[in-house]
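We have chain A; now place chain B with the ligands onto it with these hints.
Okay, here's what each chain looks like letter by letter:
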Amino acid sequence: MTASPTPLLAINDLHVSVEGKQILNGLTLQVRVGEVHAIMGPNGSGKSTLAHVLAGRPGYEITAGTVSYEGCDLLALAPEERARQGVFLGFQYPVEIPGVNNVYLLKAAVNAVRKQRGLPEVDAFEFLGLVREKMKLMHIEDSFLSRGVNEGFSGGEKKRNEVLQMLVLEPRLAILDETDSGLDIDALKVVAGGVNSLRSPERACVLVTHYQRLLEYVVPDIVHVLVRGRIARRGDRTLALELERRGYDWVTEEAA
Amino acid sequence: MSTPLTARIVEEHANAFRALPLAGAAATRRRTALAALTASGLPTSRDENWKYANLRPLERLRFIPAPAAQPLAATDLPAAIPGFARYVFVDGAFAPALSAALHSTAAAVTPLAAAPDGDRAPAAMPAQTPAPHAPADERFALLNEAFATDGAAIRVAAHHDEPVRLELVFVASADALTGASYPRVELHLDSQAQLLLIERHMSAGAQASFVNSAVTVDLGRGATLHHYRLQELAARATVFDTLIATVARDACYRLYGISIGAQSARSTLAVRLAGERADLTLAVVALGDRQQVQDIFARVEHAAPGARTEQIFRGISAGRARVAFNGKIVVGSEAHGTDSRQSLRGLLAGPEAEIDVRPQLEIYTDEVRCSHGATVGKLDESMLFYLLSRGLEPEVAQRLLKWVFLEDVVAKIGVAELRRQIEERLAQQVPEPAARAEST
Ligand SMILES: Nc1ncnc2c1ncn2[C@@H]1O[C@H](COP(=O)(O)OP(=O)(O)O)[C@@H](O)[C@H]1O
Ligand SMILES: [Mg+2]
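These protein sequence lines map, in sequence, to chains A and B.
Each residue of the first sequence is one higher than the last, beginning at 1 in the numbering used here.
Each residue of the second sequence is one higher than the last, beginning at 1001 in the numbering used here.
No lab work stands behind these hints: they were computed from the structure.
Heads up, some of the hints might be wrong.
To be verified - Once the Cα atoms are required to be at most 30 Å apart in a straight line, the calculated BS3-like pairs of lysine-lysine come out as:
hint	chain 1	residue 1	chain 2	residue 2
1	A	K134	A	K158
2	A	K158	B	K1328
3	A	K158	A	K189
4	B	K1328	B	K1051
5	B	K1412	B	K1328
6	A	K189	A	K136
7	A	K21	B	K1378
8	B	K1051	A	K158
9	B	K1378	A	K115
10	A	K136	A	K158
Isolated chain A, as found in the complex:
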């Protein structure tokens, strides 16, 4: 594999604190197009913090370090600008918004990206066709379209909805925060199928996960282990299997 000159995402020595508490401690990570990265780590190690910081969630203080995306300063962009430039966050805990229906949100999101690229709004009819097709792939029922965003969805439905949004938006960089947790094996396969369908030489994907189960279906190029806010270990997919077998303690101890 020939490495392209500039990575799609380059995180360098990132330090982040929340309410005065240091969470990320000098995290460095590079993601090139075409790659799938897995970020694993024990609970509380800072995985969601990283995902949120990349998506631009307010409330995090970046005390040092840089993040560049497509060669530009990602941290200088507002959350909606990041989304329009192709950064997608699949939430660990997708938010329920009763009163805003799913199809409205999907359409608004797609049109936001199109506007950024100077394209006209989507044709409503064609768009619906496209959404229905992706819904089929994600095993989501038709009635879903007119329901409120995540309103009354089960845990698994919420996760499938995140992947559906990703499929419709076709982001350049997808960051999926524990999209696999709480899924039964069938739902996991559906989610994995969705993620795989988006793999391409133009895109990259960062899978945040606690277990290696998802990685059996979405095979990562690189596995990182996050411990206390920094990458403690890197490896190929066999690292995930080793973690599965031995747990996280040995990495944590090594990192201490």
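Okay, now just chain B with the ligands, sitting in the frame of chain A:
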């Protein structure tokens, strides 16, 4: 308690008396109301439940009924709601030319000016024999009683088909310096009667009108009333509104209030659940912007066992507005098995805006289920971030969430055309993100 204000009311009343219909019992009622008002005075900001109301305009305005208004055209009015008869009152006086009479054997609407006393529903006039010291919350109703020249007396009998559909439109056109408008509704539903009632208060033109409305509602056993109230007076208007309702056994009252207009608006809603299993939904939306004052006080009294109340308030305060909702629920000693729920939420949409929501519970019996939630805040941060992370403009995301917030009440409005008009009106104050409605 004679104050300069009550002295002036009495004086204006004496001067206006010639113009006020004198017929029989009506004149007595006026005098009694005036006497009670003189004895107790209008509320002041020191009275409990009145500290958020803006009472200052009272010092300047005139109390005599406004002189006859310029005729209006039907096009000055909102589009008719399909299936609803319409009765229009301009500055408190019935305007037959603008109205479309009800054709129903089950119901009668009589303009009060024309109503012989016998036609007026007896139970619909609690102010008829006011206590010497009327509770502060009902004194504006006395003012209305003393001055009102017209209004609607409505009686609905039991019937088996569709509910009766009726719209009352009260238009204010006079400036407060020339006189006031006194909308008045006396509503009586017989046992098992059903009514859908729309009550609008609006302006013709942009005058700084003074409106003082009084509505009495008397629901007989098993009666059902869906009552939609929309206050959309012009930006300089002052309005005081008093609604007093009694709900008998097994009767169901759904009261929806949308308060958007006026410079200064105060609504007093007093509902007594008098019979077993009486059922009340009281849902209110208030929007304040600029320097508006929107003050709502709702008192619900559970006086019988097994009655149910659901109270919902959604208010948004922007600019330098002040929005307040004070929801009091009193559960009397007989009212075991009461089920009451209050969900009061306010949204602050500006650094200088004020909002206050206050649930109050007074319980004098055991075995009740009373829950309440009251929150004031900004838009939900995690919802907002979720929408932004999908690329939505912050402006659009915020508007969307304001709509979501109001939807808790608006979605309950069962008359489709009315809901459309209300959403359109709300959108003038809280612009609705394009295509939100279209895709739902
Ligand atoms: N808003 C917050 N306020 C305070 N502490 C937080 C906040 N968010 C996360 N943390 C803390 O930061 C640490 C990392 O959390 P998180 O990034 O959610 O970890 P992970 O996703 O790896 O489980 C935890 O100790 C958590 O308690
Ligand atoms: Mg997490």
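Hint check:
1. Taking the CA atoms of K134 of chain A and K158 of chain A, the gap is about 15 Å. The hint holds against a cut of 30 Å.
2. Of the supplied pair hints, the one linking K158 of chain A and K1328 of chain B is violated, its CA atoms being roughly 39 Å apart against a limit of 30 Å.
3. Using a Cα cut-off of 30 Å, the hinted pair K158 of chain A and K189 of chain A holds, with the two alpha carbons roughly 15 Å apart.
4. For the given pair, K1328 of chain B sits about 15 Å from K1051 of chain B by alpha-carbon distance, which is consistent with the 30 Å threshold.
5. Among the hinted pairs, K1412 of chain B with K1328 of chain B is consistent with the structure: their alpha-carbon atoms are about 22 Å apart, no more than 30 Å.
6. For the hint pairing K189 of chain A with K136 of chain A, the CA-to-CA distance comes to about 14 Å; that is within 30 Å, so the pair holds.
7. A distance of roughly 25 Å separates the Cα atoms of K21 of chain A and K1378 of chain B; the hinted pair therefore holds under the 30 Å criterion.
8. For the hint pairing K1051 of chain B with K158 of chain A, the CA-to-CA distance comes to about 46 Å; that exceeds 30 Å, so the pair is violated.
9. The hinted pair formed by K1378 of chain B and K115 of chain A meets the criterion: a straight-line CA distance of about 29 Å does not exceed 30 Å.
10. Among the hinted pairs, K136 of chain A with K158 of chain A is consistent with the structure: their alpha-carbon atoms are about 15 Å apart, no more than 30 Å.
The structure does not agree with the numbered hints 2 and 8 stated previously, though it agrees with the rest.
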